[in-house]
Amino acid sequence: MSQNRDQFRPPNHPNDHFLLTTVVGSYPKPKWVDRARDLHEDPEADFDDDAWQEAKDDASRLITDEHERAGLDVVVDGEMRRNEMVEYFAHRIEGYEFNGPVKVWGHNTFDKPSVVSDVEYDETWLVEEYEFTASVTDKPVKVPITGPYTLANWSFNEAYEDTEALAHDLADLVNEEVERLVDAGARYVQIDEPALATTPDDHAIVGDCLERIADGIPEDVRIGLHVCYGDYSRIYPEILDFPVDEFDLELANGDYEQLDVFKDPEFTADLALGVVDAHVAEVESVEQIKENIQKGLEVVPPEQLTVSPDCGLKLLPREVAYEKMANLVTAAREVEEELDAGEIDVERSAVTADD
Amino acid sequence: MTERVATTPGVFPLPDWAKDDLADLKGHQKHDLIDGTESEEIVDVYDQAREEVVARQQTAGLDRAVEGQLRWDDMLAHPLAVHDAVETRGIVRYYDNNNFYRDPVVTGDLTFDGDIAAELEAASELVEDDELQAVVPGPYSLSDLATDEHYGDEADFLDAVADFLAGEVEAFPEVETLFVLEPSLVENPPGEEADEDERASEAVDAVAGAVGSDTDVVVQTYWGALDEKVHAHLLDADFDALGYDFVSNSEDNLYNINEYGTKDSIAAGVVDGQNTLVEDPEKIAERADWLEENTPAAEFETMYLTPNTELFYLPYSTFEEKLAALGEATDIAEVKA
Numbered sequence: 001m002s003q004n005r006d007q008f009r010p011p012n013h014p015n016d017h018f019l020l021t022t023v024v025g026s027y028p029k030p031k032w033v034d035r036a037r038d039l040h041e042d043p044e045a046d047f048d049d050d051a052w053q054e055a056k057d058d059a060s061r062l063i064t065d066e067h068e069r070a071g072l073d074v075v076v077d078g079e080m081r082r083n084e085m086v087e088y089f090a091h092r093i094e095g096y097e098f099n100g101p102v103k104v105w106g107h108n109t110f111d112k113p114s115v116v117s118d119v120e121y122d123e124t125w126l127v128e129e130y131e132f133t134a135s136v137t138d139k140p141v142k143v144p145i146t147g148p149y150t151l152a153n154w155s156f157n158e159a160y161e162d163t164e165a166l167a168h169d170l171a172d173l174v175n176e177e178v179e180r181l182v183d184a185g186a187r188y189v190q191i192d193e194p195a196l197a198t199t200p201d202d203h204a205i206v207g208d209c210l211e212r213i214a215d216g217i218p219e220d221v222r223i224g225l226h227v228c229y230g231d232y233s234r235i236y237p238e239i240l241d242f243p244v245d246e247f248d249l250e251l252a253n254g255d256y257e258q259l260d261v262f263k264d265p266e267f268t269a270d271l272a273l274g275v276v277d278a279h280v281a282e283v284e285s286v287e288q289i290k291e292n293i294q295k296g297l298e299v300v301p302p303e304q305l306t307v308s309p310d311c312g313l314k315l316l317p318r319e320v321a322y323e324k325m326a327n328l329v330t331a332a333r334e335v336e337e338e339l340d341a342g343e344i345d346v347e348r349s350a351v352t353a354d355d
Numbered sequence: 001m002t003e004r005v006a007t008t009p010g011v012f013p014l015p016d017w018a019k020d021d022l023a024d025l026k027g028h029q030k031h032d033l034i035d036g037t038e039s040e041e042i043v044d045v046y047d048q049a050r051e052e053v054v055a056r057q058q059t060a061g062l063d064r065a066v067e068g069q070l071r072w073d074d075m076l077a078h079p080l081a082v083h084d085a086v087e088t089r090g091i092v093r094y095y096d097n098n099n100f101y102r103d104p105v106v107t108g109d110l111t112f113d114g115d116i117a118a119e120l121e122a123a124s125e126l127v128e129d130d131e132l133q134a135v136v137p138g139p140y141s142l143s144d145l146a147t148d149e150h151y152g153d154e155a156d157f158l159d160a161v162a163d164f165l166a167g168e169v170e171a172f173p174e175v176e177t178l179f180v181l182e183p184s185l186v187e188n189p190p191g192e193e194a195d196e197d198e199r200a201s202e203a204v205d206a207v208a209g210a211v212g213s214d215t216d217v218v219v220q221t222y223w224g225a226l227d228e229k230v231h232a233h234l235l236d237a238d239f240d241a242l243g244y245d246f247v248s249n250s251e252d253n254l255y256n257i258n259e260y261g262t263k264d265s266i267a268a269g270v271v272d273g274q275n276t277l278v279e280d281p282e283k284i285a286e287r288a289d290w291l292e293e294n295t296p297a298a299e300f301e302t303m304y305l306t307p308n309t310e311l312f313y314l315p316y317s318t319f320e321e322k323l324a325a326l327g328e329a330t331d332i333a334e335v336k337a
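Heads up: the sequence lines are chains A and B, in that order. Take 1 as the starting number for the first sequence in my numbering and just add one per residue. Take 1 as the starting number for the second sequence in my numbering and just add one per residue.
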């Protein structure tokens with residue numbers, strides 16, 4: 001298990017047991033943020049850079065506060081400053097160019113960027129976002145970063161021999177960004193690799209990238225890896241060799257059908273278990289979420305369990321996203337109480353340092 | 001002497017203005033997509049966009065012009081997605097891409113529809129007589145992309161899809177060429193059990209046989225190379241040219257051709273339909289030379305030079321550049337000859 005988890009335990013935590021509660025990252029944007037963006041992009045509107053900056057700051061403050069009110073132990077600002085998970089970064093990396101929108105499905109498009117020359121680090125990507133978020137909350141802040149494999153795989157590659165070579169170079173840039181975030185005070189970073197779900201056979205590339213990302217990062221900085229829904233049996237147990245503290249997995253969406261995959265061999269890292277579905281607008285009851293949390297206890301002991309939604313919540317109506325987070329926290333606290341009282345049998349004991 | 005023909009497998013990106021206009025008119029949700037009953041305003045946008053992409057192909061100097069398949073919100077699953085006996089359900093992944101389509105669930109008899117024929121009628125007014133090219137999904141791929149809740153048996157379902165497509169093709173106006181796109185033959189190949197590979201070939205034969213005798217039929221495969229047996233069985237079907245993807249896998253495709261032979265004509269996927277790096281026309285022409293040199297046993301009547309895949313993956317501006325490069329590539333060959 002990871003040794004850097006205790007720093008996220010709140011000083012006034014009510015129970016002996018501690019299930020770390022957090023979110024994956026993205027959150028529905030208030031409608032006025034989209035309107036402000038449109039105004040900022042409209043040359044005829046009287047909405048300058050300062051006004052747009054203020055709108056983004058307001059949104060970040062609002063959503064960070066919403067996470068805090070839900071009772072989460074570790075918060076995020078809901079990625080209010082980011083438009084899309086690849087575009088946002090590609091705009092800040094030298095070597096990328098944009099040729100226009102491409103279709104994802106129906107009339108949903110994204111500005112899929114092209115890598116036209118060697119990628120290079122230019123301005124910081126997320127330090128401003130982190131510093132602002134940390135300044136408006138007393139809670140620890142997690143920083144989600146799109147992983148190098150996804151940045152490579154979801155771009156057109158005009159310049160590199162293959163996706164692997166591009167991903168390796170991008171991993172070095174992510175490493176530099178993580179170093180800067182750590183300098184700014186960040187202690188919890190999550191690498192998002194949704195592309196791995198499509199091409200699970202490339203897990204070795206993701207592993208190599210993570211070696212590069214973790215290189216030189218202090219032990220007390222918690223590094224997580226988020227992988228969306230896919231055939232997990234094709235990446236497990238290989239991922240246990242990755243240099244990360246925690247794996248954040250989407251399992252509620254598939255009704256925990258794949259849970260057994262992670263039981264053999266023993267799950268040695270921390271598990272951030274998805275306990276609410278990010279694709280269904282129905283709010284799970286506290287009872288239902290408690291049952292889901294106990295699924296996690298079939299895989300890891302409480303000391304290794306983080307509780308979070310399956311995936312980013314940004315596609316849900318905002319009130320639904322909030323209710324899901326609030327119920328998730330209530331459920332986690334109740335499970336902790338029951339663990340304290342010895343009412344829940346824990347199947348697995350903690351991995352000792354000798355293992 | 002091999003004639004070189006520059007063309008594409010269709011399924012184009014929408015021009016950027018049409019992307020915006022249609023997103024506003026139709027919306028972004030699942031139920032907003034094309035179901036064959038679109039309003040006049042929406043039809044107008046598609047008409048204008050169709051004119052634009054047909055003109056673009058002509059300006060680029062392509063030898064065939066496709067309608068563009070701009071209405072195909074669900075890509076190759078489109079002909080079923082608009083059918084009355086089909087319910088579109090969840091959003092599912094389109095092959096190994098970061099693209100999605102509505103799962104078409106067949107719940108009744110696949111009777112004649114006429115949706116593609118209507119598109120072609122509209123396009124036929126914009127092109128010369130010998131220019132028009134139709135595009136359909138192959139029966140194997142279309143059945144692979146769909147879910148059957150009516151026919152019950154995999155073989156019966158494939159037959160029904162083939163019959164349906166054949167009926168659609170029979171209603172086409174006269175076309176010079178018909179492209180039948182069969183990526184599933186590579187991506188999710190038929191097995192040997194229960195003669196699946198033979199049945200896939202018979203299904204292709206049924207669709208290819210539905211065109212008039214003056215139309216050349218090209219069966220395009222992509223995202224790798226066919227298994228040897230699937231390739232051999234496919235050649236039993238009656239059509240004019242088999243298409244190979246020389247972007248993703250030239251070695252195995254070349255092996256298949258030299259080991260088992262191919263049709264009298266060939267389609268060579270030599271332009272990358274999924275990367276914004278625009279090929280140099282000289283390089284495209286050299287690729288065609290390379291193919292002729294490396295298939296010593298074959299003397300092709302026609303070599304169709306095409307992108308390996310559909311083109312909707314590309315930004316519109318890159319798509320335009322790719323068409324121009326392709327058109328120029330066949331000019332180079334003609335000058336040399």
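Simulated from the structure, these hints should not be mistaken for lab results. Note that the Cβ used here is the ideal one computed from N, Cα and C, for glycine as well. Hints are not guaranteed to be accurate.
From chain A, some residues computed to sit far from chain B (all C-beta separations above 12 Å) [said to hold, decoys possible]:
#, residue
1, Asp-6
2, Glu-97
3, Pro-101
4, Asp-111
5, Glu-158
6, Gly-185
7, Ala-197
8, Glu-257
9, Leu-259
10, Asp-264
11, Thr-268
12, Glu-291
13, Glu-337
Each pair of labels, with its calculated beta carbon distance range [stated by the list, open to error]:
#, chain 1, residue 1, chain 2, residue 2, range
14, B, Thr-59, A, Leu-315, 39 to 45 Å
15, A, Asn-108, B, Asp-156, 51 to 57 Å
16, A, Glu-120, B, Glu-251, 30 to 36 Å
17, A, Glu-298, B, Asn-99, 31 to 37 Å
From the structure, some residues in chain A lie toward chain B, with a derived Cβ separation under 8 Å [claimed, not checked]:
#, residue
18, Phe-47
19, Gly-100
20, Lys-103
21, Trp-154
22, Tyr-160
23, Thr-163
24, Thr-199
25, His-203
26, Ile-344
Each hint tested on the structure:
1. The Cβ of A:Asp-6 lies farther than 12 Å from every Cβ of chain B, with a closest approach of about 38 Å, so its non-interface assignment holds.
2. Remark: the non-interface label on A:Glu-97 conflicts with the geometry, its nearest Cβ contact in chain B lying 8 Å away (cut-off 12 Å).
3. Listed as outside the interface, A:Pro-101 is inconsistent with that label: its C-beta sits roughly 6 Å from the nearest C-beta of chain B, within the 12 Å cut-off.
4. With a least CB separation of 8 Å from chain B, A:Asp-111 falls inside the 12 Å interface cut-off, contrary to its annotation.
5. Consistency note on A:Glu-158: stated as away from chain B, yet its beta-carbon is not over 12 Å from all of that chain's, at 4 Å minimum.
6. Chain B leaves A:Gly-185 outside its interface by the beta-carbon criterion, the shortest separation being 34 Å against a cut-off of 12 Å.
7. With a minimum CB-CB distance of about 9 Å to chain B, A:Ala-197 fails to clear the 12 Å threshold, and the non-interface call is violated.
8. Against the 12 Å criterion, A:Glu-257 stays outside the reach of chain B, whose nearest CB is about 17 Å from its own CB.
9. Residue placement check: A:Leu-259 keeps its beta carbon more than 12 Å from all beta carbons of chain B (closest about 23 Å).
10. A:Asp-264, annotated as away from the interface, keeps every beta carbon of chain B farther than 12 Å; the closest lies near 28 Å.
11. Look at A:Thr-268: its CB is around 31 Å from the nearest CB on chain B, clear of 12 Å, so calling it non-interface holds up.
12. Listed as a non-interface residue, A:Glu-291 keeps its Cβ farther than 12 Å from every Cβ of chain B; the least gap is roughly 25 Å.
13. A:Glu-337, annotated as away from the interface, keeps every beta carbon of chain B farther than 12 Å; the closest lies near 38 Å.
14. Our hint of 39 to 45 Å for B:Thr-59 and A:Leu-315 holds, since their Cβ atoms are close to 40 Å apart.
15. At about 35 Å, the beta-carbon gap between A:Asn-108 and B:Asp-156 misses the expected band of 51 to 57 Å.
16. The given range of 30 to 36 Å is respected by A:Glu-120 and B:Glu-251, whose C-beta atoms sit roughly 34 Å from each other.
17. The hint said 31 to 37 Å for the Cβ distance between A:Glu-298 and B:Asn-99, and at roughly 36 Å that hint holds.
18. Because the smallest distance between the Cβ of A:Phe-47 and any Cβ of chain B comes to about 20 Å, over 8 Å, the interface hint for this residue is violated.
19. Below 8 Å, beta-carbon pairs count as interface contacts, and A:Gly-100 has one with chain B at about 3 Å; its hint therefore holds.
20. Using the Cβ-Cβ criterion of 8 Å, the hint placing A:Lys-103 at the interface with chain B is satisfied: the shortest such distance is roughly 6 Å.
21. Evaluation of the A:Trp-154 hint against chain B yields a held restraint, the C-beta minimum of about 6 Å falling below 8 Å.
22. Violation of the interface hint for A:Tyr-160 is found here, the shortest Cβ-Cβ separation to chain B being roughly 11 Å, above the 8 Å cut-off.
23. Restraint check, A:Thr-163 versus chain B: the minimum CB separation of about 11 Å is more than 8 Å; hint violated.
24. Taking 8 Å as the C-beta contact cut-off toward chain B, the hint placing A:Thr-199 at the interface holds, the least distance being around 7 Å.
25. This hint is violated: A:His-203 has a C-beta 15 Å from the nearest C-beta of chain B, more than the 8 Å allowed.
26. For A:Ile-344, the suggested interface contact is broken, since its CB lies about 35 Å from the closest CB of chain B, more than 8 Å.
Hint compliance for this structure: hints 2, 3, 4, 5, 7, 15, 18, 22, 23, 25 and 26 are broken, all remaining hints hold.
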